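Chains A and B, in that order, are what the protein sequence lines are.
Reading the first sequence from the start, the letters are residues 17 to 919 in the numbering used here.
Reading the second sequence from the start, the letters are residues -1 to 108 in the numbering used here.
No wet-lab data here; the hints were simulated from the structure.
It cannot be assumed that every hint is accurate.
[Claimed, not checked] Under 7 Å between C-beta atoms, here's a sample of chain A residues computed to sit facing chain B:
id, residue
1, Glu41
2, Arg48
3, Phe71
4, Asp363
5, Phe364
[Unchecked claim] Simulated restraints on C-beta separations:
id, chain 1, residue 1, chain 2, residue 2, range
6, A, Gly485, B, Gln31, 55 to 63 Å
7, A, Ser281, B, Thr62, 46 to 54 Å
8, B, Thr62, A, Arg136, 55 to 63 Å
All of these numbers come straight from a predicted model, not from anything done at the bench.
Here a beta-carbon is modelled for each residue, glycine too, at the ideal position from N, C-alpha and C.
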Amino acid sequence: MFDKFSRRLRALVRKPEVERELDEELRFHLEREAEQNMARGMSAAEARRAALLKFGGVEKVKEECRDVRGVRPLEELWQDVRYGLRLWRKNPGFTGVALLTLALGVGANTAIFHLISAVRLRALPVPEPQQLAEVRIEDMSAARGMFASWHPSLTNPIWEQIRERQQAFSGVFAWGADDFNTGTGADVRLARGLWVSGDFFNVLGVGPELGRVFDASDDRPGCGPAAVISHQFWQREFGGDKSVVGRRLSLDDHPVEIVGVTPASFYGPEVGRAFDVAVPVCSAATLRSEDGRLESGTTWWLIVVGRLKPGWTVEQATAHFSSISPGVFETTLSPKYPPESVQGYLDFKLAAYPAASGISQVRETYEKPLWMLLGIAGLVLLVACANLANLMLARASTRERELAMRLALGASRGRLIRQLLTESLLLAAAGSLLGAVFAGFLSEFLVSFLSTEDNQLFVDLRADWMVLGFAAGAAVLTCVLFGVAPALRASRVAPGAAMKAGGRGLTAGRERFSLRRSLVVVQVALSLVLVAGAVLFSRSLGKLLATDVGFEQEGILIAQVNSSRLNLPGERRAAFRRELLERIRAVPGVSSAATVNVVPLSGSGWGNSVWMDGEDPAGKKGVSFHRVSAGYFQTLGIPLLAGRDFGDHDATSSAKVAVVNEEFARQLANGANPVGRSFWVETTPNTPQTRYEIVGLVKSTKYYDLREEFRPVAYFPATQAATAGLFNQFLIKAGVPPAELTAGVKRAVGELSPQSTINFKVLREQIQNSLMRDRLMAMLSGFFGLLALALACVGLYGIMSYGVASRTQEIGIRMALGALPREVRRMILRESLVLVLVGVAVGLPATLAATRLVSALLYGLTPGDPVSLGLAALSLVGVALAAGYVPARRASRVDPMVALRYE
Amino acid sequence: MARQKTDLLQGTLDLLVLKTLQSGPTHGWDIAQRIQQVSEDVLQVNQGSLYPALHRLEEQGWITSEWGASENNRRAKFYRLTAAGRKQLQTEAETWERFSLAVSRILQTS
Chain A
17 MFDKFSRRLR ALVRKPEVER ELDEELRFHL EREAEQNMAR GMSAAEARRA
67 ALLKFGGVEK VKEECRDVRG VRPLEELWQD VRYGLRLWRK NPGFTGVALL
117 TLALGVGANT AIFHLISAVR LRALPVPEPQ QLAEVRIEDM SAARGMFASW
167 HPSLTNPIWE QIRERQQAFS GVFAWGADDF NTGTGADVRL ARGLWVSGDF
217 FNVLGVGPEL GRVFDASDDR PGCGPAAVIS HQFWQREFGG DKSVVGRRLS
267 LDDHPVEIVG VTPASFYGPE VGRAFDVAVP VCSAATLRSE DGRLESGTTW
317 WLIVVGRLKP GWTVEQATAH FSSISPGVFE TTLSPKYPPE SVQGYLDFKL
367 AAYPAASGIS QVRETYEKPL WMLLGIAGLV LLVACANLAN LMLARASTRE
417 RELAMRLALG ASRGRLIRQL LTESLLLAAA GSLLGAVFAG FLSEFLVSFL
467 STEDNQLFVD LRADWMVLGF AAGAAVLTCV LFGVAPALRA SRVAPGAAMK
517 AGGRGLTAGR ERFSLRRSLV VVQVALSLVL VAGAVLFSRS LGKLLATDVG
567 FEQEGILIAQ VNSSRLNLPG ERRAAFRREL LERIRAVPGV SSAATVNVVP
617 LSGSGWGNSV WMDGEDPAGK KGVSFHRVSA GYFQTLGIPL LAGRDFGDHD
667 ATSSAKVAVV NEEFARQLAN GANPVGRSFW VETTPNTPQT RYEIVGLVKS
717 TKYYDLREEF RPVAYFPATQ AATAGLFNQF LIKAGVPPAE LTAGVKRAVG
767 ELSPQSTINF KVLREQIQNS LMRDRLMAML SGFFGLLALA LACVGLYGIM
817 SYGVASRTQE IGIRMALGAL PREVRRMILR ESLVLVLVGV AVGLPATLAA
867 TRLVSALLYG LTPGDPVSLG LAALSLVGVA LAAGYVPARR ASRVDPMVAL
917 RYE
Chain B
-1 MARQKTDLLQ GTLDLLVLKT LQSGPTHGWD IAQRIQQVSE DVLQVNQGSL
49 YPALHRLEEQ GWITSEWGAS ENNRRAKFYR LTAAGRKQLQ TEAETWERFS
99 LAVSRILQTS
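Kindly generate the complete structure, drawing on both the sequences and the hints.
Laid out in structure tokens, this is it:
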């Protein structure tokens, strides 16, 4: 077997040598025969002639010998490849365009697929990930309290009950994401933290790279904090120092001993957010001593995942959890739970959900856009294929004579098709290879584009088989799409007809030419879809950026001051905050400053149900809250429409007051000026039902994000807060450059309390970062739209100039009969325009259908937005004119004499 | 051409080549000569088809080739029977015998 293979390989690779041996063997035979003939008395010449006669056709014998060698197909393939490469050299323009479009098309598809594979398709890098299942409450609408996670999560008492009672899992663990400050003083950095239960690493099957990971003994009530750090954090913060185990790390100003390092392959349970440091759940008693989250039945912060016992399915597990739910929730019901929601709490049902690929905010945010982008990129690839098919057809028509000649000489049709397909495959393979390189850069770029300072995106971008398979599949598909039709067509030429057309190429038959026209129409139609998408997404982004948020975003700095190291007693904290605010207001350049607990448009929120005093509580409405200091409205430029701002006289001892926005007045007070009236806020786990008097009315502002409609908002004075924290957030408006301002604020805060740590953010940046997804869609769809336009332009130009070239005679005759150059030009341009208009007509329904799919991502636009569609169609008409102009000019300059004499 | 010559049956050439090589390695021209001589010139080997046959047999692994010196001391390609070739020769010879026996029986009875 191997022998045979090596012989074939030799025959292929060392072809000259094999050929020489065959020559020599046959020559020996002939000479030997001739010798014998001479021995019988013939003359030398006669002997030789007789030998040749007896032997038969030497070349035919050789050919038969080669045939039996079995290297024929390989040899021909090699021939075709070399021939294809020679054609590349002869047509560098064609090759360049083809390779570039393929590389962009395949590259874009591969890059986007790579991201999808990383955030959606790939399982967590742990053993047997398909056994993992998450437990959560089916419908959490009756959940009340503090929510510390974007993902539906559970309280610590619920988690402990699940751990006690569950039978479905061989092992179960809980985790919660949180950020910690590491370092002290001025040198503070954010570390991405995980609260993990004792079995977290064991159940996931992740061992230590260094030291040890936690086990059940690390997670006991009253534990001291300990930390397991990730490989990446170990490298970044400790330079991979082996002696790191046993050293202390400062987490939120608490010294925490490092007990181990996890391997590089493990980035945590959340795709898109790599963890730096993991601490046991029980250490919240130390690290978050203020919020009492371990005992709290109303702080929702843990995600529970388990490994299904062998033979258990997710459905069985759900049935099991449903059966233990009543016990779990009866046991864990907090006495503070708002009475209105107690029944809802007791009715909660736990259910299991597959969790093989972990849990991911990135996935929830970007999965849909990524699939859409893959669809868009797929369309671009189709356009590129249509374009290439067109170019190939054009080229095939110039090669008609060559192909006809070969058919006439006895080449089989299959052989020609094989050759033409080899050329396409060669292009597809080279283009895809370039595309794979391009994809590598593009996916890296996309990840860095989507990362912000606060939200470092971590996506594992190692190439895997799925991605490579995708790229290879795309390459083969494109090859088939752009190669097969031209190959079939080209080989169908009747040799006689092609040869007869002596000298000039066959005047393309209507049928042949119309295939190319339909390809251009398809291209234009697909381009319309892409361009319309691009216009829609960028207009949507434009509208979002220009949307009226109700406050001024420019020049506002957010300063987050953490003074927890001060250990100030509760009663002195309010005075400390007032002092901080005074010092910040005194910083040179600061025109106003205020504190706020929830920065608008930061994605965070706080709220409760509210009804007007004297009205039926059943008519309560959800209202969002801000707790602010005096000067907040002035700092953000929010006009006060009636009443007053807060002041120092709004003290804890005086009546509770609030300022509300116009939307509040519209929805709760029938649009009348509500100043002077009062409203009630429903009981919360920490506060009883409370009455507030409205003292001011302000213009509405957006609360969570730019897309929302104005919602009812109530502002409460910071001076009336029940408890004051040691974490203060300031909004500062200043007329000096940010660098100067931050230095001034740092100095001012440092003078008052050197132990405080400060983070700065720019409000405008934070808001713009919330539009990352819209930017991504606008940028990429814009890029793809331009690409499609360029391709359509090339395709149109190709067909128009081919048309002009093959009609030179006709044009010559027209001009000889008195047609003006202007008329000829108009005739050609009209044809180009007709092609585009047909394409637009075909593409319009497709566009309407396609844009409906993306409507969820649009803001302020309907999917069939006539302005956007009009712009898209207009840009294609522009392309038609641009692509038709050069051929039209060429046509108008045809010299009738030359054209006619050409015959 | 005084004597009547018989064209070789398809497939018979392979058998004859293998049989010839049983007595030792030799080159293509010699194989043709020997078949002709041994059959007393009844079987005329078409020299043109001999070489493709040799290459085919080699491709199938029944014979191998190497370059050596011919009887008049010139470089020639020598073919040699392999173990697989020997086995093949045996099967083919048996088949042939059964076949020719059957044919002669038919000829005798009619």
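Handout entry: In rising order, the numbers of the hints this structure does not comply with
Key = 4, 5
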